[in-house]
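2 protein chains.
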Amino acid sequence: MIRLTPSRKTITGLAMAALTVSVPAHADTLVDNIQGITVGEDGKVERFTALWIDDDGRIKQVLKRQDELPRDTDFRFDGKGRYVIPGLIDSHLHVMGLGFGALTLDLSETSSLQEAQAAIAQYAAENPANRWIIGRGWNQEKWGLNRFPTAAELDAVVGDKPVWLERVDGHAGWANSKAMQLAGVDKTAKSPAGGKIIRDSAGNPTGVFVDNASALVQSSVPKPRPEDRDLALSKAQNILLSFGITAAADMGTSIEDWQSFRRAGDGGWLNIRIMSYAAGTEAMELIGGPGPSPWLYQDKLRLNGVKLYLDGALGSRGAWLKQPYQDDPANTGLPLQTGAQLRNLMSRAALDEFQLAIHAIGDAANSEVLQAIDELADTYEGDRRWRIEHAQIVDPADIAAFSKHGIIASMQPVHQTSDREMAEARLDPARLEGAYAWRSLLGAGSRLAFGSDAPVESPDPFAGLAAAMSRTGADGQPFGGWRVKEAVSREQALAGFTSDGAFAGFADGRFGKLVAGQHADFLFIDRDILLSSPADIRQTKVLATWVGGREVFAAGQ
Amino acid sequence: MIRLTPSRKTITGLAMAALTVSVPAHADTLVDNIQGITVGEDGKVERFTALWIDDDGRIKQVLKRQDELPRDTDFRFDGKGRYVIPGLIDSHLHVMGLGFGALTLDLSETSSLQEAQAAIAQYAAENPANRWIIGRGWNQEKWGLNRFPTAAELDAVVGDKPVWLERVDGHAGWANSKAMQLAGVDKTAKSPAGGKIIRDSAGNPTGVFVDNASALVQSSVPKPRPEDRDLALSKAQNILLSFGITAAADMGTSIEDWQSFRRAGDGGWLNIRIMSYAAGTEAMELIGGPGPSPWLYQDKLRLNGVKLYLDGALGSRGAWLKQPYQDDPANTGLPLQTGAQLRNLMSRAALDEFQLAIHAIGDAANSEVLQAIDELADTYEGDRRWRIEHAQIVDPADIAAFSKHGIIASMQPVHQTSDREMAEARLDPARLEGAYAWRSLLGAGSRLAFGSDAPVESPDPFAGLAAAMSRTGADGQPFGGWRVKEAVSREQALAGFTSDGAFAGFADGRFGKLVAGQHADFLFIDRDILLSSPADIRQTKVLATWVGGREVFAAGQ
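First to last, the sequence lines map onto chains R and P. For the first sequence, my numbering gives the first residue as 1, with consecutive numbering after it. For the second sequence, my numbering gives the first residue as 558, with consecutive numbering after it.
If you're looking for bench data, these hints aren't it; they were derived computationally from the structure. Everything numeric in this text was worked out from a predicted model, so none of it was measured. One or more of the hints may lead you astray.
What the hints assert, rightly or not - Which bits of chain R does chain P cover? Going by a derived footprint, with three or more residues having C-beta under 8 Å, they are:
1. 223 to 237
2. 254 to 266
3. 288 to 299
As the list claims (entries may be wrong) - Capping the alpha-carbon separation at 20 Å, the derived lysine to aspartate or glutamate pairs in EDC-like fashion look like this:
4. K718(P) <-> D743(P)
5. K223(R) <-> E256(R)
6. K300(R) <-> D823(P)
7. K792(P) <-> E1014(P)
8. K780(P) <-> E285(R)
9. K64(R) <-> E46(R)
10. K60(R) <-> E46(R)
11. K187(R) <-> D155(R)
12. K753(P) <-> E723(P)
13. K792(P) <-> E1108(P)
14. K621(P) <-> E598(P)
15. K223(R) <-> E839(P)
16. K780(P) <-> E282(R)
17. K485(R) <-> D428(R)
18. K541(R) <-> E457(R)
19. K857(P) <-> D266(R)
20. K223(R) <-> E842(P)
21. K404(R) <-> E375(R)
To be verified - Computed Cβ-Cβ distance ranges for the label pairs, DEER-style:
22. P222(R) <-> G1000(P): 45 to 51 Å
23. G872(P) <-> D378(R): 53 to 59 Å
24. P881(P) <-> P224(R): 45 to 51 Å
25. G1000(P) <-> G159(R): 55 to 61 Å
26. Q298(R) <-> K718(P): 40 to 46 Å
27. G40(R) <-> S776(P): 58 to 64 Å
28. S219(R) <-> E938(P): 34 to 40 Å
29. G872(P) <-> P222(R): 37 to 43 Å
30. L334(R) <-> Q898(P): 44 to 50 Å
31. G159(R) <-> P881(P): 52 to 58 Å
32. D624(P) <-> P224(R): 55 to 61 Å
33. N127(R) <-> T895(P): 34 to 40 Å
34. R348(R) <-> D940(P): 43 to 49 Å
35. G267(R) <-> D624(P): 38 to 44 Å
Ideal Cβ placement from N, Cα and C applies to all residues, glycine included.
With the hints as constraints, model all of the structure from the sequences given.
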């Protein structure tokens, strides 16, 4: 393969080349009077009292209690005794999905039709630039309505622009008259197979469209414009920084997403670090070209590789299992592609040094991916950092295979606490032995990269840290933790959300640890997470977030 | 419309903000002992003897004979008395087309089948990474063959990979057996309408496919890979720099082209400045998002706007004329879209501040675009710099309309010298009054941005300068110049390839003039173009090309 490295021989002589060397400015900052915690070079937790930051935003020195403070720094920032930890890394989320979700009207907390109408009217007034009012979360049962709401009830609050609201379960949509008019839906419209148009006694659509009938209106909702995308990115970034996430792996980047990331970088407003995994090999080639992109914008953005899917999810019984679902004995789920197709896509990416991040939830899917990696690893040598995304249900017999090629298990601790009852329904106890098996995977030599899968779950990493070390949900259930032998230590949980997340994204040495030479990405928080219980850790408030030696979020501002 | 400008309030205090200010390095360069020519701030040609360049590649001072040389510069470059002119700007070309064309096998100079076979074998040996051997320019008549060549004659020199060669006129293609096999073309293939498969007496395809039959093989030629695109960009850049082109308007940038430009910028090997015009509004939105991109990579790349087409070309009688073609009395050519469609696309772009560059060759097309601009100019106020690309045949009655909104005529002087006999066949003398009417357009208050339309013509700007001031071709014909009243002055020609090209691309103040504060883009050449005849100017050799204060091309290296 041709790697293009145009020669620099066109620079005449050493003297001209010297012109391109920039002279460093000698402005540095000391952040002192802090109670710092980090995972040191040896993987052990260490405490420190000050950070000395160079003018390029990198750490010059991590100072401990006994170290002498530098005398001649240009700036000094008083930490006022607050707690400091490394910026946290989310190794699996969907940046634009998080942003778009947050920009959408959420009706899930409304308890009456009138309350929902008021929320819709307020949202429309606050978002005058929106061409459509889009929302979700309504539930007429919760409202005590005993019937579906109507288009007329929406028209009463928003009549001048289309409104389209998805029911809480995603199985119905509610349109106003303007939306139905734009979609060309009237009395003559026919319900499609697997869907139903709710009608009044005269046969006119009332405004609610069930299941496949939703597409009749949904298909008219315009695609987001570039400015909508930029707004969603900005929103997602602000949410993540407010939770203390300073770097994230974006799983399934489209070319449109990537262009938005680049606009943020070009425009100087990209404050979070994004490790990008393209949505399939076509997007990968279009975004990355002949290989992964370089690190851009002072290590704020890189296309690392590609996200592929081998199966679906456990909840919808789309996860591919070796044996049938306990609660659906004729069904084993199914692979989304054949083994040959998977291997072809993996080869296509690996040939050009793209990193592979493969979604596998069921034990059959994990087995197949492990097998495929084992077959390809001989051909595609070197530091590949093969990733399995989710790795939720692994046949205990397959756990050892994670060690063979240093395969990274990219897992989301909160999925365990959210899904445990559903998992117990889907799987018998023998298979639950390999469910969310964090400690077993670590023990087998795998590396855990923790994340949230936001917006599927909240991106709050303190909830993730608490779940990782306790196997207990926000409600304190189950007491003592679910299959608590798979919990990880406090240090392992922190590494999963910091240094090991950086390693999983080829960012080790750049960020993820508070050590000299790495970017100064850190958080001021309101408690000592080494001394707090998991339940207390879950309550942690982020006071301020710094990325590259700059404060990019502060609570209450 | 929302313009996203994320607030910077997250930076705490003035002290932290001060950290982002970089301290300038004090390394500068004096290029002296030169005979310099430039178009000064007042549009007049000026001479100078030295350039003082700052460490960021911008001009600190243009020194004249009487000026005192600075004493304390860090570096000094001896120009050895050579001539220096500003870097030249090509306002209309196709960067990737130029690069791909140059990477393709050219058989147009071969005078026998044997010579062609040798060239094909050599090219295949020199380009082992090519999956297909692609070429053009063969002519069996010139070879004295009196028959089409055969697949077997190609197999004899390249049998292991597919070969596909276009005839000189583009009306036939010649394949080897491997190419036919990959395309699935055999005895059973049928000639499509408007095409013919040449067959032997047994009915087997012999390897030549005429007109529409070419698609049978052409459709199997693989799309270029990203590394192919990067190679083409590198090739185009080297060609342009060797001709003294330091900046170019790319007319019809695709997202794939743009990604290649960005890889060059990110990788530090983008040496030419590219002003990009997207290939249609979809590419425009994908590349630019909510508006033109910022200037990137120290003013090396910007998406300015969009290229649209209103008609075709004069040669193929696709240009849209007010009256029928003189040599085809039933034909006026035709518009490629309706006036309403054109205005919709123009509005779509202008709404988001994208610049419009509209291809119009025939007098009816120019009239329509002038009318559309006049209608839209009230709505889309401000500094729009509407561009008409080619503006070849303008009704003399319409020439004055170019002045009304400061419309830029983006014209290619060499098209005039190449096309004059064809134009005389297509048009009667009355209409030739408005053909390639450079001086009339200037006189009407339009600004001329000159270019080459490479790879349609050679990108050599000295051929363009010579044609612009003489209306005479490389062969010296016609003596005294064709409709020479439309020739422009030496100063106007130089401005069309420098400062006015920069203005047409919103780059004025950045490059295009050798004045303090602009990038130091300049050429060392082998003659004084102020004292040379047009025929002599055409022979100018570029000795070295500097962009941003760095030598990026030197002859003979």
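Going straight from one Cα to the other, do K485(R) and D428(R) come out at no more than 20 Å? Given that 20 Å is the threshold and the Cα spacing comes to 18 Å, the pair holds.
Holds or violated: K780(P) to E285(R), with C-alpha atoms at most 20 Å apart: 12 Å, holds
Could you see if the CB distance from G159(R) to P881(P) stays within 52 to 58 Å? Between G159(R) and P881(P), where Cβ atoms are some 55 Å apart, the hint holds.
Would you check the hint for K780(P) and E282(R), treating anything up to 20 Å between C-alpha atoms as holding? 13 Å, holds
K187(R) and D155(R): Cα distance at most 20 Å? 18 Å, holds
Taking 44 to 50 Å as the stated bounds, is the beta-carbon spacing between L334(R) and Q898(P) within them? For L334(R) and Q898(P) the Cβ distance comes to about 46 Å; the hint holds.
Holds or violated: K541(R) with E457(R), Cα cutoff 20 Å? 18 Å, holds
Just to be careful, I want the Cα atoms of K718(P) and D743(P) compared with a cutoff of 20 Å; is the pair within it? 17 Å, holds
Within 20 Å, alpha carbon to alpha carbon, are K404(R) and E375(R)? 12 Å, holds
Quick check on a hinted range of 38 to 44 Å for G267(R) and D624(P), using CB atoms only. Hint holds: Cβ distance 40 Å, inside 38 to 44 Å.
Can you tell me whether the CB distance of R348(R) to D940(P) sits inside 43 to 49 Å? Because 46 Å falls inside the window, the suggested range holds.
Does K621(P) pair with E598(P) here, judged by a C-alpha cut-off of 20 Å? Given pair K621(P), E598(P) holds - Cα atoms ~15 Å apart, limit 20 Å.
No hint from the list above goes unmet by this structure.
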